[in-house]
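Asks: Chains as they are written, first to last, in the numbering used here: chain A, 1 to 238; chain B, 1001 to 1181.
Each statement offered as a hint is correct.
Covered by chain B, per the in silico footprint, the following chain A stretches (three or more residues, Cβ under 8 Å): (1) 99-105; (2) 114-121; (3) 128-134.
Hints are computed from structural coordinates only; laboratory data are not their basis.
Treat the numbers as computed from the prediction; the structure is a model and nothing was measured.
Glycine included, C-beta positions come from ideal geometry on N, C-alpha and C.
Okay, here's what each chain looks like letter by letter:
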Amino acid sequence: MVVKTLIINNQLLTASEDQTILEAAKDAGIDIPTLCHLDGVSDVGACRLCLVEIEGSSKLQPACVTQVQEGMVIQTETEKLQTYRRMAVELLFAEGNHVCAVCVVNGNCQLQDVAVRVGMDHSRFPYQFPQRKVDLSHPQFGMDHNRCILCTRCVRVCDEIEGAHVWDVASRGGQSFIVSGINQPWGDVNACTSCGKCVDACPTGAIFRKGSTVAEMNHDPEKIRFLVTAREQKEWTR
Amino acid sequence: MKKIKLATVWLAGCSGCHMSFLDLDEWLLELAEKVDMVYSPIADVKDYPDDVDVCLVEGAIANEENLQLIKEIRQKTKLIVSFGDCAVTANVPAMRNMLGPAETVLKRSYLELGDVTPQLPQEPGIVPELLDRVSPVHEVIKVDLFLPGCPPDAHRIRAAIEPLLQGEQPVIEGREMIKFG
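Isolated chain B (complex conformation) (with noise of 0.2 Å):
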């Protein structure tokens, strides 16, 4: 029987959720014998390859290098799941949104609270632009799956992942799947 691919991705969070897949425990020896996993922070792949199965997005997109990254994901997978509040609601990564664009954030940080050196990141191509915006998954991408949670717990995302090795459509309701926080 063929492996469903499998990938992971860590945009803007703070990567909660993927400690909260790590918390699966010994189930993940049983997904690790039907799943390829493809794409993740735990695996060192650099390149997003073709032909996913199932995605699950951590994260909010807050840069230029998460929105490509996004929207290339988008073209290569069949099915993207919202993995978290970041990539649900865009949560605490959001929160620089109530004060303007992104220079001003970068001011604050970089400049006004530089202790040594005060100077804003500039290295095209190693520095990813910050967006004015930092936006939920689904208002950039269309989401096939949503799990909130900050973070989602274990059981939860059994839950989801069970029945898609089944090649089945997850059920998302009630408490236990989507109570937001």
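Extracted from the complex, chain A is given alone in its bound form (with noise of 0.2 Å):
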């Protein structure tokens, strides 16, 4: 395995070539705020908040998907960074209806975690109110589209750990949003299980289990990772 060395906020590093910048950052201790990014799974930089600066390029590139390079020099907490994240998680609050006080994960929400990270006490941006659906078909787990940031982790844990693939985007722009079983109600599609790997991989409360009331839904993400450190490496014990 080769190895590449890199410069991340004035440290310098090394790191395996196959890494990308977000893994190195965290094997060395340095915290980049993600969230679409889910341990187990593929990474597709949706939600753009792992932005970083990577010197001799003037944008800002994604660390979950940019694989190190030799002699990178990266920088993770400009004030720009900071500026465009803040703005990504205020645009996540203003495009959807995310009323927290009457959540079902109220204070376990990711997405919420993301918000006291980047120091957002306030969306500028005018909030949309648009008009979304809930899908309450499947006897066990409802969608409430109006909670969804569009990570996409539901889609990725569905079709990489399930292997079931029953959700996906649908629509295009600003119009798009989950589907299952290609538009199918949830609890219509065939292909579903039922084994809750997408609940818990939901950041938010958009996908819930039925019956949890005001803050009082959990998600277990590190479920997923567990999952796929036992069929690779054989660690049954959790």
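Take the two lone chains, each set in its own frame, and fit them into one complex as the hints suggest.
Replies: Dropping the structure here:
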């Protein structure tokens, strides 16, 4: 395995050539905020929170899908990055219907956590109040599109870990939404095995367990990592 | 020493933020020595006075009266605090925005679901007209400080108000100060 040297936040580091900037930074104890990233599942760079500045490039690059290169000089906490991250989080809040006070995952929500992390105390952008649907056709779980931020964790975990690929992204641009079974109600999708991995993967309250009330629901994204580790490394104890 | 003029207003919200303000308990006595409470749902004052130093605004802008009052508040106040999630994000009061204009909501509430003498409320000068869109406060006026939370707990309120008493700007960051919900 080839080793690359690079500099992150003025720290000289080494990383395997197959590692991404996010992985290298994590190994070095450098915290880069993420939202669509989920350990154990492939990355898509959808949320734009892990953007970093790379010397020599005028564009910001998502750390989760950018491979390390020899001699890279990276900054993860510049003022420009803070501005863009906060803007991204404010836009996520403004484009959905996030009524945190009455949400099942209030207090256990990764979108809330990220808002605290980037220092968002309000959204400068006008709220859109879109009309979005709620799918309660599944006997155990529900999908509330008002809370969905299109991180596609559910799509990836259902495809890559469970192998059922119930979820996907429908439509285009601002009209995009997470669809089940090529536009069937979730409860009618034969491919769904009711495993609940998408419920654990979801960072917000978009996919929830029925019967949960305000602030009662906890996701378990570590379960996803555990499953992958169990399969690949044969480590069956959690 | 001249006392700081403090006001609180209750717009479209549930008054939970004001209840949380009262959860300051004994510290309210210390606060009372340093501030002059010039306008509040707690103090029975009809008109918003001039030259207010700090105003805590609870609630969203949902009707004509809220809109009129918040503009008056901006003109007469030095520092306005968006107090609680209803003021910062419009929160639960804004859920009707997804149902269309105010007329839809009024018909649903007062005609379709009116069991006895269904009629729309119509009393100019007494019942304020609903706005078609419920807005957070900072969409209507300039807001100087944001205090999210539903409601903000007493520790957060105190941490925000205490520096203001010394003429300083409070630091609003971290989970203790800016977690929504």
